[in-house]
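Generate the whole structure from the sequences, applying the supplied hints.
Take a look at the letters that make up each chain.
There are 2 protein chains.
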Amino acid sequence: MNRQQLIDQIRQKKSYLCVGLDTELSKIPQHLMADDDPIYSFNKAIIEATSPYAVAYKINLAFYEQYGLSGWKSMEKTLQAIPENCFVIADAKRGDIGNTSKMYAKTFFETYPYDALTVSPYMGHDSVGPFLEYENKFTIVLGLTSNSGSADFQLLETQDGHVYESVLKKVASWGHPNNLMFVIGATKAEKFAEIRKILPDHFLLVPGIGAQGGDLKNVSLYGLNKDCGLLVNSSRGIIYASNGFDFKEAAANEAMKLQMEMMTYLQSI
Amino acid sequence: MNRQQLIDQIRQKKSYLCVGLDTELSKIPQHLMADDDPIYSFNKAIIEATSPYAVAYKINLAFYEQYGLSGWKSMEKTLQAIPENCFVIADAKRGDIGNTSKMYAKTFFETYPYDALTVSPYMGHDSVGPFLEYENKFTIVLGLTSNSGSADFQLLETQDGHVYESVLKKVASWGHPNNLMFVIGATKAEKFAEIRKILPDHFLLVPGIGAQGGDLKNVSLYGLNKDCGLLVNSSRGIIYASNGFDFKEAAANEAMKLQMEMMTYLQSI
Chain Y
20 MNRQQLIDQI
30 RQKKSYLCVG
40 LDTELSKIPQ
50 HLMADDDPIY
60 SFNKAIIEAT
70 SPYAVAYKIN
80 LAFYEQYGLS
90 GWKSMEKTLQ
100 AIPENCFVIA
110 DAKRGDIGNT
120 SKMYAKTFFE
130 TYPYDALTVS
140 PYMGHDSVGP
150 FLEYENKFTI
160 VLGLTSNSGS
170 ADFQLLETQD
180 GHVYESVLKK
190 VASWGHPNNL
200 MFVIGATKAE
210 KFAEIRKILP
220 DHFLLVPGIG
230 AQGGDLKNVS
240 LYGLNKDCGL
250 LVNSSRGIIY
260 ASNGFDFKEA
270 AANEAMKLQM
280 EMMTYLQSI
Chain C
20 MNRQQLIDQI
30 RQKKSYLCVG
40 LDTELSKIPQ
50 HLMADDDPIY
60 SFNKAIIEAT
70 SPYAVAYKIN
80 LAFYEQYGLS
90 GWKSMEKTLQ
100 AIPENCFVIA
110 DAKRGDIGNT
120 SKMYAKTFFE
130 TYPYDALTVS
140 PYMGHDSVGP
150 FLEYENKFTI
160 VLGLTSNSGS
170 ADFQLLETQD
180 GHVYESVLKK
190 VASWGHPNNL
200 MFVIGATKAE
210 KFAEIRKILP
220 DHFLLVPGIG
230 AQGGDLKNVS
240 LYGLNKDCGL
250 LVNSSRGIIY
260 ASNGFDFKEA
270 AANEAMKLQM
280 EMMTYLQSI
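Those protein sequences? They're chains Y and C, same order as listed. All you need for this note's numbering is the position in the first sequence, starting with 1, plus 19. All you need for this note's numbering is the position in the second sequence, starting with 1, plus 19.
A hint or two may mislead.
Since the list can't tell identical chains apart, any single copy or any two copies may satisfy a pair.
Listed below are the simulated DSS-like cross-link pairs for lysine-lysine, each with C-alpha atoms no more than 25 Å apart in a straight line [what the hints assert, rightly or not]:
id	residue 1	residue 2
1	Lys46	Lys125
2	Lys125	Lys33
3	Lys125	Lys216
4	Lys125	Lys96
5	Lys96	Lys276
6	Lys189	Lys92
7	Lys33	Lys276
8	Lys92	Lys125
9	Lys33	Lys267
10	Lys63	Lys32
11	Lys92	Lys121
12	Lys276	Lys236
13	Lys189	Lys46
14	Lys236	Lys189
15	Lys46	Lys121
16	Lys96	Lys188
Source of the hints: derived by calculation from the structure; they are not laboratory data. This structure is a prediction, so every number in the text was calculated from the model and none was measured.
Spelled out as structure tokens, the structure:
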């Protein structure tokens with residue numbers, strides 16, 4: 020999916036919601052555990068319930084890798100259950116020297132049909148470059164993350180602002196808004212105005228609302244641009260809204276609440 | 020394997036060589052391609068040929084993930100082919116918010132029996148912490164990497180030295196030499212003396228000799244400590260020494276040459 024197609028989906032659904040599939044066996048409804056592949060059954064149901072309200076899905080690879088081969092199988096099947104009009108993100112935080120990043124790019128952009136992959140910037144230019152060579156695929160580079168540890172290195176002061184600001188400026192110069200996005204945590208809503216000065220056009224993937232405490236209103240107020248420019252992710256707040264027989268309805272309801280709030284903010288752009 | 024057992028292996032084999040299994044179908048000998056799992060056949064042969072000279076193996080996950088499920092199967096089987104007295108590293112550069120890093124730790128330290136995992140420090144304390152909770156497992160955090168892109172962010176100047184120096188100091192305070200190592204590229208041999216002032220006791224995983232141009236002599240001169248404290252990795256220079264019928268002998272020969280050179284440097288500690 021390219022940038023314009025993503026914007027069209029956002030306009031149609033009046034939503035910039037991304038649903039995070041951080042699926043854990045210990046948290047899904049008990050009645051699914053008899054299924055052959057409970058993770059897939061759960062994900063499929065969640066996708067069916069939330070896809071009227073979400074424009075994107077984010078698969079958090081760690082949750083699948085923990086189960087080894089069977090987890091990768093569940094991940095593969097989950098990918099097939101996501102409707103074609105949704106933008107699909109591999110949240111895998113990959114990145115390595117050039118010849119190795121090339122293999123990760125192949126994994127997520129060829130072997131598997133993801134639209135986007137999260138990438139860590141620590142190793143610099145040649146670690147990010149191979150991902151940018153794909154047309155109509157997005158590299159989503161970590162900028163300022165939502166967790167408490169983000170202060171340790173991302174907020175170190177350099178001669179040119181904080182480390183994360185150097186990351187945003189330098190990485191933005193390696194690509195363009197059609198192949199690059201950045202992760203900016205919702206818990207840093209006060210930074211969005213400054214970040215929009217550095218990145219007026221890029222989409223930002225924003226985790227951290229819900230369980231992590233970020234605030235959709237402020238993120239939207241300072242983060243929206245003329246094309247929307249935001250994908251706001253919620254994982255636990257939607258997918259674990261209930262662990263009973265009503266889990267689909269509960270997830271749909273939480274997704275719908277976020278979508279309705281987003282619709283009001285979209286009216287201002 | 021714990022730190023003392025690793026040191027014992029280094030003393031027995033008179034080697035601090037790590038062989039990197041960056042295995043690609045396009046580079047292995049043609050006659051293996053008829054096997055059921057050519058990647059596994061190749062790795063098994065390389066391991067048999069090099070294990071007299073190597074104390075560690077490093078599996079570069081990207082090379083396996085690119086083939087999807089079949090790649091993960093080859094990786095699983097490869098793990099089983101590595102002798103028990105070798106230290107096994109998952110080179111996966113993982114790292115995410117706390118609840119997700121916990122899943123990656125489970126993947127590589129429970130689901131799979133790795134001794135160590137490479138981790139990116141960009142997301143800070145809670146992204147590294149979950150890996151450090153395992154006894155007799157090592158978290159190998161990226162410090163100063165061997166690639167050209169390392170200059171982009173690792174060498175930014177902060178009030179407290181370069182970014183990578185902040186990483187070494189801060190991350191070292193979260194663990195100890197029994198559960199932490201750092202990646203320092205061989206192409207930065209001139210930095211090893213300074214780095215040893217910050218990290219006198221930690222093991223350093225050193226990629227970048229051979230294909231990337233790093234120099235074993237200088238790395239050893241400035242990097243060895245009283246317990247050795249180095250694992251020097253070679254991947255392409257060993258495993259692709261020949262792609263003919265003599266690939267095992269050629270790999271053994273390259274590994275032996277490095278081991279013999281290492282033996283002379285070990286005499287000085």
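Cross-check of the supplied hints:
1. Lys46 x Lys125: For Lys46 and Lys125, only the inter-copy Cα distance (17 Å) is at most 25 Å; the intra-copy one is 32 Å.
2. Lys125 x Lys33: Neither, since 33 Å and 38 Å both go past 25 Å.
3. Lys125 x Lys216: neither (33 Å within a copy, 40 Å between copies)
4. Lys125 x Lys96: both (19 Å within a copy, 22 Å between copies)
5. Lys96 x Lys276: neither (28 Å within a copy, 47 Å between copies)
6. Lys189 x Lys92: Intra 37 Å, inter 38 Å, cutoff 25 Å: neither.
7. Lys33 x Lys276: Classified as within: same-chain Cα gap 12 Å, cross-chain 64 Å, threshold 25 Å.
8. Lys92 x Lys125: The answer is both: 18 Å in one copy and 18 Å across copies each meet 25 Å.
9. Lys33 x Lys267: The answer is within: 21 Å in one copy meets 25 Å, while 60 Å across copies does not.
10. Lys63 x Lys32: within (20 Å within a copy, 52 Å between copies)
11. Lys92 x Lys121: Intra 23 Å, inter 21 Å, cutoff 25 Å: intra and inter.
12. Lys276 x Lys236: within (13 Å within a copy, 63 Å between copies)
13. Lys189 x Lys46: neither (40 Å within a copy, 34 Å between copies)
14. Lys236 x Lys189: For Lys236 and Lys189, the Cα distance exceeds 25 Å both inside one copy (29 Å) and across copies (35 Å).
15. Lys46 x Lys121: This pair counts as between: shortest inter-copy Cα distance 15 Å, intra-copy 35 Å.
16. Lys96 x Lys188: Result: close neither inside a copy nor across copies, 37 Å intra and 43 Å inter.
The structure is inconsistent with the numbered hints 2, 3, 5, 6, 13, 14, 16, although it conforms to all the rest.
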